[in-house]
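Novice: Residue numbers (numbering that gives the first Met the number 0), protein chains in the order written: chain A, 0 to 329; chain B, 0 to 88; chain C, 0 to 505.
Worth flagging that the hints you see were computed from the coordinates, not collected in a lab.
Cβ coordinates follow ideal geometry from the N, Cα and C atoms, glycine included.
A couple of the hints might just be wrong.
As the list claims (entries may be wrong) - Once the Cα atoms are required to be at most 20 Å apart in a straight line, the calculated SDA-like pairs of lysine to any residue come out as:
#, chain 1, residue 1, chain 2, residue 2
1, C, K447, A, N43
2, A, K324, A, D256
3, C, K12, B, N74
4, C, K447, A, N54
5, C, K8, A, D108
6, C, K12, B, L61
7, C, K14, A, L172
8, C, K44, C, D32
9, C, K31, A, W50
10, C, K6, B, D79
11, C, K6, A, E102
12, C, K309, C, D297
13, B, K37, C, V301
14, C, K447, A, P48
15, C, K14, B, L82
16, C, K317, B, N87
17, C, K8, B, L61
Unchecked claim - Selected chain C positions facing chain B (Cβ under 7 Å, derived; list incomplete):
#, residue
18, L11
19, A61
20, K69
21, N205
22, S213
23, V224
24, Q231
25, S232
26, A235
27, T239
28, K309
Said to hold, decoys possible - Pulled from the structure, derived: some chain A residues nowhere near chain C, Cβ distances all over 12 Å:
#, residue
29, D68
30, R76
31, F100
32, K120
33, Y224
34, E257
35, A271
36, S273
37, G282
38, R285
39, A289
40, A317
These are the residues of each chain, in order.
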Amino acid sequence: MQIDLRTVAIQPQRQAFDHLVRRFGDKPASRYQEGSYDIQAAENLHYKPTWAPENELYDASLTRIVMQDWYALKDPRQFYYSTYTLTRARQQETAEANFAFVESRGLADMLPDELRDVALKVLVPLRHAAWGANQHNTFICGYGYGTTFTQPCMYHAMDNLGIAQYLSRLGLLLGDTDALEAGKQAWLDDAAWQPLRRYVEDCLVLRDPFELFVAQNVALDGLLYPLVYERIVDEHLSVRGASAVAMLTQFMSDWFDETRKWVDAVLKVAAAESEHNRDVLQGWTRSWSARAASAMVPVVELALGAEADEAVGQQLAALTARIQKTGIPL
Amino acid sequence: MSTVFIALQANEETRPIIEAIEIDNPQAVVNRQPAMVKIDAQGQLVIRKSTIEEQLGRDFDLQELHINLISLTGNVVEDDETLTLSWNS
Amino acid sequence: MDMKVAKKKLGLKEKYRALTRDLGWDTTYQPKDAVFPYVGYEGIKIHDWDKWEDPFRLTMDAYWKYQAEKERKFYAIIDAHAQNNGHLNLTDARYLSALKIFLQAISPAEYASHKGFARTGREFPGVGTQVACQMQAIDEIRHAQTQIHAMSNYNRYYNGFHAFADTRDRIWYTSVARSFFDDAMSAGPFEFMIAIGFSFEYVLTNLLFVPFMSGAAYNGDMATVTFGFSAQSDEARHMTLGLECIKFMLEQDPDNLPIVQNWIDKWFWRGFRVLGLVSTMMDYMLPKRVMSWREAWDIYGVENGGALFKDLARYGIKPPKGWDDAEKAIDHMSHQFMLGLYQWSFGTAFHSWIPSEEDMNWLSAKYPDTFDKYYRPRWKHIKKLADAGTPFKNYGLAKLCQTCQLPTVFTEPDDPTLTCHRQSVYKGQKYHFCSDGCQHVFDNEPEKYVQAWLPMPQLFQEPINGDLGAWMEWVSLRDGKDNGDYAGSEDQRNFEAWRGLATTNQ
Ligand SMILES: [Fe+2]
Ligand SMILES: [Fe+2]
Chain A
0 MQIDLRTVAI QPQRQAFDHL VRRFGDKPAS RYQEGSYDIQ AAENLHYKPT
50 WAPENELYDA SLTRIVMQDW YALKDPRQFY YSTYTLTRAR QQETAEANFA
100 FVESRGLADM LPDELRDVAL KVLVPLRHAA WGANQHNTFI CGYGYGTTFT
150 QPCMYHAMDN LGIAQYLSRL GLLLGDTDAL EAGKQAWLDD AAWQPLRRYV
200 EDCLVLRDPF ELFVAQNVAL DGLLYPLVYE RIVDEHLSVR GASAVAMLTQ
250 FMSDWFDETR KWVDAVLKVA AAESEHNRDV LQGWTRSWSA RAASAMVPVV
300 ELALGAEADE AVGQQLAALT ARIQKTGIPL
Chain B
0 MSTVFIALQA NEETRPIIEA IEIDNPQAVV NRQPAMVKID AQGQLVIRKS
50 TIEEQLGRDF DLQELHINLI SLTGNVVEDD ETLTLSWNS
Chain C
0 MDMKVAKKKL GLKEKYRALT RDLGWDTTYQ PKDAVFPYVG YEGIKIHDWD
50 KWEDPFRLTM DAYWKYQAEK ERKFYAIIDA HAQNNGHLNL TDARYLSALK
100 IFLQAISPAE YASHKGFART GREFPGVGTQ VACQMQAIDE IRHAQTQIHA
150 MSNYNRYYNG FHAFADTRDR IWYTSVARSF FDDAMSAGPF EFMIAIGFSF
200 EYVLTNLLFV PFMSGAAYNG DMATVTFGFS AQSDEARHMT LGLECIKFML
250 EQDPDNLPIV QNWIDKWFWR GFRVLGLVST MMDYMLPKRV MSWREAWDIY
300 GVENGGALFK DLARYGIKPP KGWDDAEKAI DHMSHQFMLG LYQWSFGTAF
350 HSWIPSEEDM NWLSAKYPDT FDKYYRPRWK HIKKLADAGT PFKNYGLAKL
400 CQTCQLPTVF TEPDDPTLTC HRQSVYKGQK YHFCSDGCQH VFDNEPEKYV
450 QAWLPMPQLF QEPINGDLGA WMEWVSLRDG KDNGDYAGSE DQRNFEAWRG
500 LATTNQ
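Extracted from the complex, chain A is given alone in its bound form:
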């Protein structure tokens, strides 16, 4: 017998899981809430880490930022795995179409040599910087506290890897494997890249997850993405006839637009929590964005020459304004 179960009207016994009712009231919870709140073990942890016996397995004191409730650091995009993955899958379809378009029309070969050189010189070494970003966000996810804060960092880390891979493909398409080798050489040895490489390596030994968030996602990305993808790719290269490059980096531009809203939201909530947090964040944002700005100057010079100082200066001012808007006085 086929039972038509849809026609049965039965009364649910409850609306949501207890911990969500406690947080959000007695009503159905969203999938973001179900997948994010209170899902990290909180009490009665069994053993101290053998790698850091002075710490706890999940330890909010690894950072100087203090939160009454770490779950307050909500992701405004409300990304959980599914919404994140579906969003990126759509974007990768566009990216794929863009790469295919550039390739099938031979647009890469039609680029003026000098612009192609600039594109390769600036963009290819950045795949290593993106790998650095991946390392940092993986770290924040691993050692940060509270899922609403840490889960977007894992997504961010995978995005950083995806960006490194798109930059590698761009190198292969505009150049060849030689272009990737030359880019790595430049990253390791060329004077223009050393301040940035040093910045990334210094971040590799930072073990305060929130400071790392500021150094990478606020300060460095906050300057690098607008400078490279807006100022250099969109304005400098496209205007001169290399709009094919912008097609290949559309993912990065869209990605920065989307993710900065999350980054700002995290800063805003953390800063609003206390005077102490504001002080700490002020110190971090100030020193890391100054360092990031000076590391970006020689990189921007590769494309803009003498205009680099001014471009970086403008961007630093814009970043400062952006940070101030989150409630951190600079």
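Given chain A, put chains B and C with the ligands in place with the hints provided.
Specialist: The following block gives chains B and C with the ligands in isolation, referenced to the frame of chain A:
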């Protein structure tokens, strides 16, 4: 020789894949279970892109296997054309 | 000017090298030990991280594409299941006990695994290894979330699901899985990989997911089948990572062998104990059974595990130390567990029950050497007490094993009539164990296992002080609803009433 296996979800998408695996591995034993098809083979199992494409009538990227994969055993060797599972004993 | 030179077509491996493996570099502004501070202290020697063989060479674009396809399918089914009262398709609501245990003990483990792999995804110095770990880290949060989402609809209609975030940290039986994952996460990165990547994923998860999900399919639970198989499709990558990792350690330096062997011994036994709960789910909790725990063990334990250890013998690896004891326990453990769960069912946020005559006949067919001889008589006795209105309850505290945290309900490997009990003394304190395997684990690292949080003594400490009602409140267990015998429970009454509505015209 030890047994290797691959288990796939039982659905329309995997039907041609399973047929291709049977063609390439005549020694394999196909076990159909609820919602799952498990294919056992002695020592080695080879999954070939070209055979799947013939069964499917379209291009197939071997990584598409991940969508309906449930489990596998053995050492995995993957290239553009084949995915091989084997035990060294 | 036509300088068009045909580009080299890169094969899968070269392409992966160019796009992924080549992204890392040797740092010069910061020393390697400061960048990777935890990779050395376990004593594992790695000479060349470039020798790492990537098990699957997925780049992010492919990852997003294929995973999105899985996600779309999964949520379509979950949505339909919720909208169409899919829960009424279950063979019987007692089946839900298995899911309640799953949500309280396994889903939090998925999350722990997510965190652990994020850490190894940063701590290993090789790009290939890191990326594989990172993908597992993001997959594991997927598993935690898809499981919570799949069970969310059951929570709306049935008891026992509502407090999983509380029971995870406080109730006694979840401590078994929690202590396993806490143990792995508190270990160094290489041991973590053996614990989770190899022992749990490779040797044991097939036992957890495959027969269990087939069981869900047999019992009309499409929500669980879907999250199970969907998770398992990632598991195939994870298992291969686990296998790759162990081979890599063994190939890099012969000195790694004894360390790795020791971990295999430890983690096989730890995993075997955690999965003991699965034996009970399979043999007792599925109203319609797909195969017995013994049959699953023969396929996924003996045949697969056997093949695996035969393969690894070329490196000098021997099957895990506890293998023979495990084999001897297979025909007993599900019965011993279920008897334990039944007598302590006042303290579980799921139901247990006395198996029916028909259930018992199935069990004796599947366990011809043990069931009728040792366990049917005990069930019969318990049934008699229940029929007389004096159901058997053990309000005494279970003695928990200091290592695996299970009550010491198991018998001696060679004498099923004798409860196995071991003890060790460390710094003047006595510690209890359920088995030789657990005692060995403790004796190798007593300073770690003395730290274990034991949920039973908690009952006698602040703020509970031996008050059972206060304890129930503290673990968010609602007496008379979440716990006790399935017979007469609210879940049973509701399910039958709702099914009645669906099958009649009232
Ligand atoms: Fe998982
Ligand atoms: Fe034990």
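Novice: I'd like to know which numbered hints this structure contradicts. Please list them from smallest to largest.
Specialist: none
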